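Q: Each chain, letter by letter, is given below.
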Amino acid sequence: MRQDTIGYDSLEARPLPKWLTDQREGLNTYQPEVREMKEDHSLSISLISTGVVIFLTILFLTIWFLKKNKKRM
Amino acid sequence: MKSNYLKILIIAAILSLSCTTKVSEWFLLNSFPDNYLLVYYHNSTIPESIARQNKELESRYKTSNVLFRSVLKEEIEKPYYALYYNNRLFSEYADYLSLNEIEFSPVREEITSELFAGKLCVLFYLKSGDPEKDEKGLQVLKNTVAESPFGNIISIMELDRNSVEEKHFVSMLLNVESDLKDIHEPMLFGVFGRFRVLEPLLAKGISEENINLLIDFLTADCSCLIKDNLPGISMLCNAVWENPRPAMVNNILDENPTLIHH
Numbered sequence: 049m050r051q052d053t054i055g056y057d058s059l060e061a062r063p064l065p066k067w068l069t070d071q072r073e074g075l076n077t078y079q080p081e082v083r084e085m086k087e088d089h090s091l092s093i094s095l096i097s098t099g100v101v102i103f104l105t106i107l108f109l110t111i112w113f114l115k116k117n118k119k120r121m
Numbered sequence: 002m003k004s005n006y007l008k009i010l011i012i013a014a015i016l017s018l019s020c021t022t023k024v025s026e027w028f029l030l031n032s033f034p035d036n037y038l039l040v041y042y043h044n045s046t047i048p049e050s051i052a053r054q055n056k057e058l059e060s061r062y063k064t065s066n067v068l069f070r071s072v073l074k075e076e077i078e079k080p081y082y083a084l085y086y087n088n089r090l091f092s093e094y095a096d097y098l099s100l101n102e103i104e105f106s107p108v109r110e111e112i113t114s115e116l117f118a119g120k121l122c123v124l125f126y127l128k129s130g131d132p133e134k135d136e137k138g139l140q141v142l143k144n145t146v147a148e149s150p151f152g153n154i155i156s157i158m159e160l161d162r163n164s165v166e167e168k169h170f171v172s173m174l175l176n177v178e179s180d181l182k183d184i185h186e187p188m189l190f191g192v193f194g195r196f197r198v199l200e201p202l203l204a205k206g207i208s209e210e211n212i213n214l215l216i217d218f219l220t221a222d223c224s225c226l227i228k229d230n231l232p233g234i235s236m237l238c239n240a241v242w243e244n245p246r247p248a249m250v251n252n253i254l255d256e257n258p259t260l261i262h263h
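One line per chain: the protein sequences are A and B, in this order. Using this note's numbering, the first residue of the first sequence is number 49, and each one after it goes up by one. Using this note's numbering, the first residue of the second sequence is number 2, and each one after it goes up by one.
Hints in this document: simulated from the structure, not taken from any laboratory. It should be emphasised that the depicted structure is a prediction, and the values quoted were computed from it without experimental measurement. A hint or two may mislead.
Claimed, not checked - Partner residues are not named here, just some residues of chain B that face chain A (Cβ under 8 Å, in silico):
hint	residue
1	Met158
2	Asp183
3	Ile184
4	Leu199
5	Gly206
6	Ser208
7	Glu209
8	Phe218
9	Ala221
To be verified - Cross-link-like lysine-lysine pairs, in silico, BS3-like; alpha carbons within 30 Å at most:
hint	chain 1	residue 1	chain 2	residue 2
10	B	Lys168	B	Lys205
11	A	Lys66	B	Lys63
12	B	Lys56	B	Lys23
13	B	Lys74	B	Lys23
14	B	Lys134	A	Lys66
15	B	Lys79	B	Lys168
16	B	Lys128	B	Lys79
17	B	Lys56	B	Lys128
18	B	Lys143	B	Lys128
19	B	Lys63	B	Lys74
20	B	Lys79	A	Lys66
21	B	Lys134	B	Lys182
22	B	Lys205	B	Lys74
23	B	Lys143	B	Lys79
24	B	Lys63	B	Lys137
25	A	Lys66	B	Lys56
26	B	Lys168	B	Lys182
27	B	Lys74	B	Lys128
28	B	Lys143	B	Lys168
29	B	Lys182	B	Lys137
30	A	Lys66	B	Lys143
31	A	Lys66	B	Lys74
32	A	Lys86	B	Lys143
33	A	Lys66	B	Lys205
Even glycine gets a Cβ: it sits at the ideal position worked out from N, Cα and C.
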């Protein structure tokens, strides 16, 4: 059907079907990109950084609290 | 996290499987045939007898890939039927009787059963009427198929283009491309999937190299390019395509992995 608009002068010059020329030239072989899983560390990084922040906050507050109350003790 | 990984893995597996299905199998399982449109053109009120016949046509076409419409066209002299495929006029019919077996014929039934049985394809040889040319092309076809590793799962069928019994089928084949009716040469049509017919090889084009390329086309992995831009046209036929037999091509490829190609 796709050849309908292509003109030719003789049967010898008539173009071959597109599916055939595409097959011969390897143009039918396009495949979608193969999806590969990438390692995702975002959750671990998020958990560790949250833990570090909490730990540092507690440490800072403990030191601050101890220093503040040292005189009273 | 683990369930997400699992989901991604399953989706990737499904995608990769769909792309290794062979062209012939993929279209048999997944691609619906295109519909034809049969139009009854009339210039006045439809007589009751004709209306009854048209109703009968509609019910007859329920399992075929053809839709029926009546269209009022005042400028015409006589009512007639016209068959379209993708807005292209294929044939005109003077009356109800000339539509007899438009959707059914012995050869089409045979081809359907071969495809349904899991064959790779039917290579359909339409003879020109010139015995010398016809025999030459047919020998090339038979020899090439006999030497192909897929030879056992390919059916060869032949028909004279002047066949009266198969006139509707021949007319549809000669409409695969707009110039085929004027070319009086042997033609080789690859038929696959749900009666999809590829643009044919003609005359000297019926060569060993081209026939092997046709077989390669049907045994290759079904790429997205082919799915989106399917060559050829659907034939009008009366068939139910549910639950076909498993594709035989897979057994051959499993036994001979060297034949696998993309």
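Q: Could you run down the list of hints and mark each one as holding or not?
A: Hints and how they fare:
Proximity of Met158 (chain B) to chain A is violated relative to the hint, the smallest CB-CB distance being about 19 Å (cut-off 8 Å). The criterion of a C-beta within 8 Å of any C-beta in chain A is not met by Asp183 (chain B), whose closest approach is roughly 10 Å, and the hint is violated. The closest approach between the C-beta of Ile184 (chain B) and any C-beta of chain A is roughly 7 Å, which is under the 8 Å cut-off, so the hint is satisfied. Residue-level restraint check for Leu199 (chain B) holds (minimum Cβ-Cβ distance to chain A is 6 Å; threshold 8 Å).
Because the smallest distance between the Cβ of Gly206 (chain B) and any Cβ of chain A comes to about 6 Å, under 8 Å, the interface hint for this residue holds. Violation of the interface hint for Ser208 (chain B) is found here, the shortest Cβ-Cβ separation to chain A being roughly 10 Å, above the 8 Å cut-off. With 8 Å as the threshold, the beta carbon of Glu209 (chain B) stays out of range of chain A, its nearest partner Cβ sitting at about 13 Å, so the hint is violated. For the restraint placing Phe218 (chain B) at the interface with chain A, the shortest Cβ-Cβ distance is roughly 5 Å, inside the 8 Å limit, so the hint holds.
For Ala221 (chain B), the shortest C-beta to C-beta distance to chain A is roughly 6 Å, which falls under 8 Å, so the interface hint holds. Between the alpha carbons of Lys168 (chain B) and Lys205 (chain B) the distance comes to roughly 25 Å, so the proposed pair stays at or under 30 Å and holds. Between Lys66 (chain A) and Lys63 (chain B) the CA atoms are separated by roughly 33 Å; this puts the pair beyond 30 Å, and the hint is violated. This hinted pair does not check out: Lys56 (chain B) and Lys23 (chain B) have alpha carbons roughly 40 Å apart, beyond 30 Å.
Between Lys74 (chain B) and Lys23 (chain B) the CA atoms are separated by roughly 46 Å; this puts the pair beyond 30 Å, and the hint is violated. In summary, the hint linking Lys134 (chain B) to Lys66 (chain A) is supported, as the alpha carbons are separated by about 24 Å, within the 30 Å threshold. With a CA separation close to 23 Å, the supplied pair Lys79 (chain B) and Lys168 (chain B) stays within the 30 Å bound. Of the supplied pair hints, the one linking Lys128 (chain B) and Lys79 (chain B) is violated, its CA atoms being roughly 35 Å apart against a limit of 30 Å.
Restraint check for Lys56 (chain B) and Lys128 (chain B): the C-alpha separation of about 37 Å exceeds 30 Å, so the hint is violated. Of the supplied pair hints, the one linking Lys143 (chain B) and Lys128 (chain B) holds, its CA atoms being roughly 14 Å apart against a limit of 30 Å. At most 30 Å may separate the alpha-carbon atoms for a hinted pair to count; Lys63 (chain B) and Lys74 (chain B) meet this at roughly 26 Å. In summary, the hint linking Lys79 (chain B) to Lys66 (chain A) is not supported, as the alpha carbons are separated by about 40 Å, beyond the 30 Å threshold.
For the suggested pair Lys134 (chain B) and Lys182 (chain B), the alpha carbons sit about 17 Å apart, so the restraint of at most 30 Å is met. Between Lys205 (chain B) and Lys74 (chain B) the alpha-carbon distance is near 45 Å, which puts this suggested pair outside the 30 Å criterion. At most 30 Å may separate the alpha-carbon atoms for a hinted pair to count; Lys143 (chain B) and Lys79 (chain B) exceed this at roughly 48 Å. Pair hint Lys63 (chain B) plus Lys137 (chain B) does not hold up; C-alpha atoms about 41 Å apart against a cutoff of 30 Å.
Restraint check for Lys66 (chain A) and Lys56 (chain B): the C-alpha separation of about 40 Å exceeds 30 Å, so the hint is violated. Only pairs whose Cα atoms come within 30 Å are accepted, and Lys168 (chain B) paired with Lys182 (chain B) is accepted, the gap being roughly 13 Å. With a C-alpha separation of about 38 Å, the suggested pairing of Lys74 (chain B) with Lys128 (chain B) is violated against the 30 Å cut-off. With a C-alpha separation of about 25 Å, the suggested pairing of Lys143 (chain B) with Lys168 (chain B) holds against the 30 Å cut-off.
Restraint check for Lys182 (chain B) and Lys137 (chain B): the C-alpha separation of about 21 Å stays at or below 30 Å, so the hint holds. Taking the CA atoms of Lys66 (chain A) and Lys143 (chain B), the gap is about 24 Å. The hint holds against a cut of 30 Å. Taking the CA atoms of Lys66 (chain A) and Lys74 (chain B), the gap is near 38 Å; set against the 30 Å cutoff, the hint is violated. A C-alpha spacing of about 51 Å is found between Lys86 (chain A) and Lys143 (chain B), which places the hinted pair above 30 Å, so the restraint is violated.
Straight-line distance between C-alpha atoms of Lys66 (chain A) and Lys205 (chain B) comes to about 17 Å, which keeps the hinted pair within the 30 Å bound.
Checked against the numbered hints listed earlier, the structure breaks hints 1, 2, 6, 7, 11, 12, 13, 16, 17, 20, 22, 23, 24, 25, 27, 31 and 32; every other hint is satisfied.
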